[in-house]
Amino acid sequence: MMVGALIVVASLAISAFAYQRVIVPAGGMEPTLSRGDRLSVRNVSGDQVRRGDVIVFSATAWDGDYDLVKRVVGVGGDTIECCEAKYRIVVNGRGITEEYIGTGEGEHPNWKYTAKVEQGQVWVLGDNRGNSRDSRNEIAGPTRGGVPVGDIKGIVVRSGGNDIRTTAFIRAGLAGEPFKDELDKWTYVLLGVGGVLFVGGIGWLLVAVRRRGA
-18 MMVGALIVVA SLAISAFAYQ RVIVPAGGME PTLSRGDRLS VRNVSGDQVR
32 RGDVIVFSAT AWDGDYDLVK RVVGVGGDTI ECCEAKYRIV VNGRGITEEY
82 IGTGEGEHPN WKYTAKVEQG QVWVLGDNRG NSRDSRNEIA GPTRGGVPVG
132 DIKGIVVRSG GNDIRTTAFI RAGLAGEPFK DELDKWTYVL LGVGGVLFVG
182 GIGWLLVAVR RRGA
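In this note's numbering, the protein residues as written are -18 to 195.
Since the hints were derived computationally from the structure, they do not count as laboratory data. Don't take every hint at face value.
[Unchecked claim] Below, in silico cross-link-like pairs of lysine-lysine (BS3-like), each with a Cα-Cα straight-line distance of 25 Å or less: (1) Lys161 x Lys134; (2) Lys97 x Lys67; (3) Lys97 x Lys134; (4) Lys93 x Lys67.
[Unchecked claim] Pair by pair, the computed Cβ-Cβ distance ranges are: (5) Gly76 x Arg19: 32 to 40 Å; (6) Asp46 x Gly74: 18 to 26 Å; (7) Ile4 x Gly74: 36 to 44 Å; (8) Lys134 x Glu99: 17 to 25 Å; (9) Pro6 x Tyr81: 30 to 38 Å; (10) Gln100 x Arg75: 15 to 23 Å; (11) Ile120 x Glu65: 14 to 22 Å; (12) Asn143 x Asn24: 18 to 26 Å; (13) Trp92 x Ala40: 13 to 21 Å; (14) Asn143 x Ser26: 23 to 31 Å; (15) Gly57 x Trp92: 17 to 25 Å; (16) Asp144 x Lys67: 21 to 29 Å; (17) Glu65 x Thr148: 15 to 23 Å; (18) Arg2 x Gly76: 33 to 41 Å.
By construction, the Cβ of each residue, glycine as well, lies at the ideal position given by its N, Cα and C atoms.
Between the sequences and the hints, there should be enough to build the whole structure, so can you do that?
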């Protein structure tokens, strides 16, 4: 019973320190994520981020005292060209078919630009390409649109139980598989094992007490 309780406590501690819960603040990631959605965010260092990952980051470098949720479409050294029809981007000469993006008209038009992502930065876009504040808005800023990896707070691994990973960049022939969260799975396994051992221990204790009283 004690072992089971310790396993459960350890699992909850891992979950508390390895993850944070974030609520989507705006609609810039629709249709993938909607305003008010609750996200499970894995706390990782910025250098673990890959193309296709959805991240939470501080907008400090963009003179913003708030966090944003966007998708990484470029990492240090990449060249981003925008945009072909329906906001289709080109990364390092390879066209990216992003089946998840929304193309509704908004305050952000289908801007044409070419950007070189500096080392130590990532380039982010909202899935709601017609209405998202992202790297496009900051091309003339101090980071030239990039997000410093040190400002990245984590990678979104779940939204309401749904996996939001994409293979769009790998399919285009670009190396670097998006972040895959294995810790989440093992945390649930440990919780299950710990729960079984704890309940089993209580059952054994009750049986032992009854036998002594017989």
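Now for the hints, and whether the structure bears them out:
no. : hint                       : verdict
1   : Lys161 x Lys134            : holds (16 Å)
2   : Lys97 x Lys67              : holds (22 Å)
3   : Lys97 x Lys134             : holds (23 Å)
4   : Lys93 x Lys67              : holds (12 Å)
5   : Gly76 x Arg19: 32 to 40 Å  : holds (34 Å)
6   : Asp46 x Gly74: 18 to 26 Å  : violated (37 Å)
7   : Ile4 x Gly74: 36 to 44 Å   : holds (38 Å)
8   : Lys134 x Glu99: 17 to 25 Å : holds (20 Å)
9   : Pro6 x Tyr81: 30 to 38 Å   : violated (19 Å)
10  : Gln100 x Arg75: 15 to 23 Å : holds (20 Å)
11  : Ile120 x Glu65: 14 to 22 Å : holds (18 Å)
12  : Asn143 x Asn24: 18 to 26 Å : holds (20 Å)
13  : Trp92 x Ala40: 13 to 21 Å  : holds (19 Å)
14  : Asn143 x Ser26: 23 to 31 Å : holds (25 Å)
15  : Gly57 x Trp92: 17 to 25 Å  : holds (22 Å)
16  : Asp144 x Lys67: 21 to 29 Å : holds (24 Å)
17  : Glu65 x Thr148: 15 to 23 Å : holds (20 Å)
18  : Arg2 x Gly76: 33 to 41 Å   : holds (36 Å)
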